[in-house]
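Residue strings, one per chain:
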Amino acid sequence: MTAQLDLETRATAAPTEALPPLAGLRIVDLTQFQSGPMVTLIAGDLGAEVIKVESIQRVDGWRGGGRGERRWEKSPNFNWVNRNKKGITLNLTDPRGADLLRRLVAVSDVVVENYTPRVMANFGLDYERLREVRPDLVMLSMPGFGGDSPWRDYTAFAWTTEQMSMLCHLTGYEDSGPLFTSTTGGDPLAALMGTLALFAALNHRRRTGEGQHIDLSQLETATAFAAQALVEAQLAQIEPTRRGNDSPVHAPHGAFPCRGEDRWLALACRSDAEWRGLCEELGLPADTDGTHPMATTADRLAAREAVTAHVARATAGRDADELMLALQTRGIAAGVVVDGARMLADPHLAARGFWVVQDREGVGEKHYPGQPFRLRRAPFVDPRRSPFLGEWNEAVLGGLLGVPDDQLQELAGDRVIGTDPLGV
Amino acid sequence: MTRSPAPDPARIRRGPLADERVLDLSSTPAAAFCAKLLGDLGADVVKVEPPGDGDPSRGRTTAGSGEGLAASPEFLYLNTSKRSVALDLDSPAARPLLAELVRTHDIVVVDGPDGRWEQHGLSAATHAEAHPGAIVVAVSPFGGDGPYRDFAATPLIACALGGWMHTCGEQGREPLQAGGDITDTVAGAYAAVAALAAVEARARDGVGDHVDVSALEAAITCAFFPSMLFEYHSEGIGRHSDYMTGPSFHVRCGDGWLGVNVLTEQQWETLCAFIGRPDMADDPRFATDYYGRLAYLPEIREAIETAFEGRTALETFHEAQLWRLPFGLVTAPRDALELEVHAARDYFETHDVDGVGEVRTPRVPFVMAATPSRPSPPPDLGADTEPVLRDLLGLTGTELDDLRSAGVIA
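Protein chains in written order, with the numbering used here: chain A, 1 to 424; chain B, 1 to 410.
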């Protein structure tokens with residue numbers, strides 16, 4: 001604890017003129033939905049200049065989650081994952097659009113894309129051609145099953161990769177079929193590994209001047225997060241499978257009902273001492289429920305169902321938040337099973353400044369998830385709200401690339417660029 | 001315990017992080033995964049373990065089923081590409097050695113705000129003064145400050161407070177943790193990403209940093225949707241992860257489970273044609289969107305199960321993919337090990353583990369054209385104590401002998 005305090009003191013005392021870690025880096029982002037945009041969200045928060053390319057013919061699919069007038073500007077998913085990005089539109093199927101993209105790449109460091117491999121080649125924008133205009137380019141491609149792959153043209157999204165990574169097989173009740181985790185599955189997992197690959201490639205480029213192409217497989221990235229089960233399957237007679245909330249070594253371990261509708265407390269009792277503390281807090285006998293001995297971990301593992309019922313009877317009348325605090329004060333791992341409202345109201349997240357609050361025309365002031373890490377010295381950038389469709393066309397195409405106004409008007413007239421989607 | 005199969009020179013590659021030195025002082029899965037990822041990318045990772053039993057994860061040899069195993073899957077997976085130094089940090093004689101190890105490494109991975117290294121006489125502030133370029137990566141359940149900082153946690157608790165659990169499960173039943181202890185690996189991957197960001201800042205500024213990683217917040221970034229839906233529309237979400245929007249769900253086939261997935265309206269129309277029911281695409285009841293169709297899930301499911309009756313999951317997966325439908329196979333671990341695409345992309349590295357035999361672990365889940373890398377086997381306890389202390393810290397044979405006799409190293 002002292003170590004932490006020391007460091008905080010140092011960080012406070014140090015001059016805070018440091019720039020964000022990736023200041024000066026320019027990324028061309030051709031991705032949509034979550035897996036790719038979450039890579040550039042992390043990079044953008046860390047200071048990279050991210051130029052997000054959509055088209056009025058095909059806007060980012062995650063704009064589809066909004067409601068009401070101009071609903072493509074009101075998607076909570078899109079507005080979270082695209083902060084700190086400069087959004088432009090380019091119809092890449094038009095030769096003028098593809099040419100502008102090449103000019104943009106020529107003055108950028110990184111390209112990220114999450115199409116199936118045939119798409120970039122069809123645009124004439126695959127790595128081999130882009131490196132002609134930017135020899136030290138780092139390009140991250142994120143198809144579902146890899147580019148150099150017998151399944152290269154297969155299609156995947158969040159749940160495809162979740163299913164094929166073992167996560168659905170491992171998630172569920174003992175008596176149920178495989179379940180989804182209910183998250184966006186493989187998408188954030190691809191994003192994390194994509195970011196890792198990108199930063200590693202930037203490290204190599206900094207030391208050697210050499211760029212490269214990264215061929216990421218979203219099936220492989222999701223699998224990496226659960227691959228301990230792959231090793232277990234090779235060592236065990238019994239194939240790893242769903243086991244509800246059970247732990248092989250701890251009991252009780254699971255979700256326990258609390259006061260109110262659909263309120264639950266998750267709790268993991270990791271020793272006999274914690275078990276005694278839990279029973280004391282709940283006013284329960286620790287040795288037995290009257291039928292089953294429960295004093296030792298072995299006893300409790302042998303009588304899991306009875307232990308769960310024993311504890312659940314006592315938690316049912318308790319407030320989940322109060323019980324979490326009471327048990328954590330006793331050193332017992334306990335956590336409220338939060339829904340969206342409870343998560344937003346969490347005092348710990350508020351104290352940590354986790355949420356990024358942004359005002360957006362037509363939407364208002366909203367909280368969005370921040371990054372789960374802090375660098376004590378090098379700061380994040382001051383957050384800027386996600387872009388409206390084509391909002392940065394003039395600044396990027398006109399300002400950065402020097403396209404004259406009359407040409408921009410011609411491009412808009414020919415729908416190579418624009419600010420209103422066609423056919424939403 | 002472990003050794004590589006006969007080395008294949010073509011496979012000895014350095015990886016993009018070949019110039020980074022990482023000291024892994026951690027003993028939690030999340031922090032271990034962080035250091036492992038850096039190692040798999042070519043960094044030289046030294047893991048410090050207590051002599052005797054070693055890292056606590058070495059002893060976790062109980063399978064999920066309760067079966068006892070010859071080795072720990074957790075240790076074998078989370079500690080590839082590391083060297084092991086067995087050093088008793090509780091011994092006063094170890095303190096100068098630890099200080100030297102810290103001084104000679106660029107990135108130090110520790111597991112959280114519980115002062116593990118303060119208790120060994122190493123103040124982080126002192127360390128920062130002595131070695132201003134160092135990057136300390138602290139991976140903890142709740143981060144370095146805030147009211148939950150010292151709370152106890154496991155992946156179950158991270159799923160609960162991180163928003164994974166409330167929507168996972170079936171309607172009317174208890175909420176479920178996600179399988180695979182995935183919140184640990186998510187936190188570890190974020191830590192590796194943040195460490196590399198700090199490396200870039202150090203390359204520019206010449207100054208290191210302290211990286212504070214919260215596993216709770218890491219989990220939330222993957223389960224953001226319920227909070228975003230409430231923030232925008234004050235709406236909650238039911239618990240029904242047996243199906244998702246589209247509709248998307250799992251169908252039992254003779255050889256396993258098939259994932260039937262629909263994302264776009266075009267895919268819905270294609271699905272109807274694929275199952276020989278183009279009439280369903282024209283049915284006004286289904287012409288809503290991927291949310292609206294959920295009201296008709298039983299009927300849609302029945303039509304699909306009828307169409308796929310007598311067919312295998314594998315053949316249906318491939319056929320659907322040729323129609324550009326994003327179907328998936330619901331793989332169990334042994335299925336995942338046998339996927340042809342993994343063999344074709346050389347995804348697994350085989351290690352020869354004493355007492356166990358050959359064990360396969362994945363390489364990093366992407367192929368870097370200029371800087372490929374392969375994982376090296378998880379180390380035997382203390383396998384690298386002598387080389388590290390001799391070559392890196394300059395200890396003599398006599399000094400090593402004395403430390404070994406005193407039980408400080410092994």
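The set of hints was computed from the structure by calculation and includes no laboratory data. None of these values were measured; they are calculated from a predicted model. A hint or two may mislead.
What the hints assert, rightly or not - Taking lysine to any residue and the SDA-like style, the derived pairs with C-alpha atoms no more than 25 angstroms apart in a straight line are:
hint, chain 1, residue 1, chain 2, residue 2
1, A, K366, B, G238
2, A, K74, A, P95
3, A, K74, B, T398
4, A, K74, B, G238
5, A, K366, A, D382
6, A, K74, B, P51
7, A, K366, B, H233
Claimed, not checked - Far from chain B, some chain A residues (derived; all Cβ distances over 10 angstroms):
hint, residue
8, R102
9, G124
10, D148
11, T181
12, E220
13, A233
14, E239
15, S247
16, L282
17, D287
18, T291
19, L401
20, A412
21, T419
Built from N, CA and C at the ideal position, the CB exists for glycine as well.
Taking the earlier hints as the rules, which of them does this structure contradict? 2, 3, 6, 10, 11, 12, 13, 14 and 15
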